[in-house]
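Visitor: For chain D, the structure is supplied; the task is to place chain H on it using the hints.
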Amino acid sequence: MTDVTELFNRDPLSLTNENIDQIIEEMRAKRHLFQSAPATKPKAAPAKTKKQASALKLDIDLDL
Amino acid sequence: MSTTNKRSFKDGLQFAWDGTSLELAQTCLRKYYYTMIRGIKPRRQSVHLIFGGIYANALENFYKHRAEGDSIDEALRKIVRLALVESWEHERSESGERIPDTGQATYFDDTKKTRVNLIRTIVWYIEQFADESEDSMKTYHLQSGKPAVELSFTLELDDELMYCGHLDRVVDFGGQLYIMDQKTTGGTVGTYFFDQFSPNNQMSGYAWAGQAILGSPVRGVIIDAAQIAVNFTRFERGITTRSKDQLEEWYDSALWTIKLARQATSLDQWPMNLSACGNYGGCPFRQLCSRSPSVRENYIKSDYSEHVWDPLKAR
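Protein chains in written order, with my numbering: chain D, -15 to 48; chain H, -7 to 307.
In case anyone wonders, no lab produced these hints; they're calculated from the structure.
Worth double-checking, as some hints may not be accurate.
Pulled a few chain H residues facing chain D out of the computed Cβ check, cut under 10 Å [to be verified]: (1) 70; (2) 78; (3) 119; (4) 133.
Interface residues of chain D toward chain H, partial, derived using beta-carbon atoms under 8 Å [what the hints assert, rightly or not]: (5) -8; (6) -7; (7) -5; (8) -4; (9) -3; (10) -2; (11) -1; (12) 1; (13) 7; (14) 11; (15) 14.
Listed next, the in silico DSS-like pairs over lysine-lysine satisfying Cα-Cα at most 25 Å (straight line) [said to hold, decoys possible]: (16) D:14 / H:70; (17) H:2 / H:251; (18) D:14 / H:2; (19) H:130 / H:56; (20) H:2 / H:138; (21) H:33 / H:305.
Glycine included, C-beta positions come from ideal geometry on N, C-alpha and C.
This is chain D alone, in the form it adopts within the complex:
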């Protein structure tokens, strides 16, 4: 089986359905791993400054 990293570096026009399915399975496995990880209690976030709060809005994709 080909390494998924190698598949990402390949011209996507040359990828077979099996290659695409392998990428999908890898991503599904990562999701299951993420979901099965024990939930950690989030640390209390420090209060945001006004500047930090506005920065949160910065990378919302715009439709321009």
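Guide: Chain H only, in chain D's frame:
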């Protein structure tokens, strides 16, 4: 100023409007001028626009394939392939076709919004939301029987103005109609994130157009927000509603803005809204506006490329 070759202009004035051009005119008339009248954009596109654009296009195509009868797995395979191709910079033939075995992966200048994380986000979204049970949200079907996906519209705003756009998908949720939209962010998704969509020009425009097209009340817009982190993607679904009164208010404001922009075009006057320069990570024309007017044309030649935004362009 050159508007002669632009389809959305007549006699030098824009008559076909969409959410993007309206937002530009509301934000800053100078920004409207550079985008709609001059037709320029920065040569280097924002990673957020690249990531968000490919992601939204992939999900829109997913529901299109599903409506055509594909299984979830078949549709997912098609959109993962599409996203991989769209995030690869092939050399192009004279006719614009991609030339196989050329180019390289698009460089995503971000630690979270990377190409691998784009594919991860698409797969995880489908895992979480694609299997819609009968008692939850489902794609609305038009009276013709066709699923309400990929609905392009051109509606009359008044005697001489049109409002154009595209609804990715209309859903029936709890017996009420909603427009679906997707957003991505590197930040945490919570109340603060969803608050920004009310009031919001794009969402009101969707709801206004949706009810006009469907001939039925549209309750609002359901926003599936994806928080993109380095090692995971987390989704939150938010709803922003619009009442009939709110939509009438949006309509009046939109007409006012459009008439103002048309007046500015007639007078060739483009005042800057200096309080909007820092919005959303900074206006793409901020560097241009910060330069002395005498050197701006040279700066445009070196750092901007031609880009005609056409509200009438069908997807």
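Visitor: Quick check: which numbered hints come out false for this structure?
Guide: Numbers 4, 18, 20 - these are the hints that the structure violates, sorted from lowest upward.
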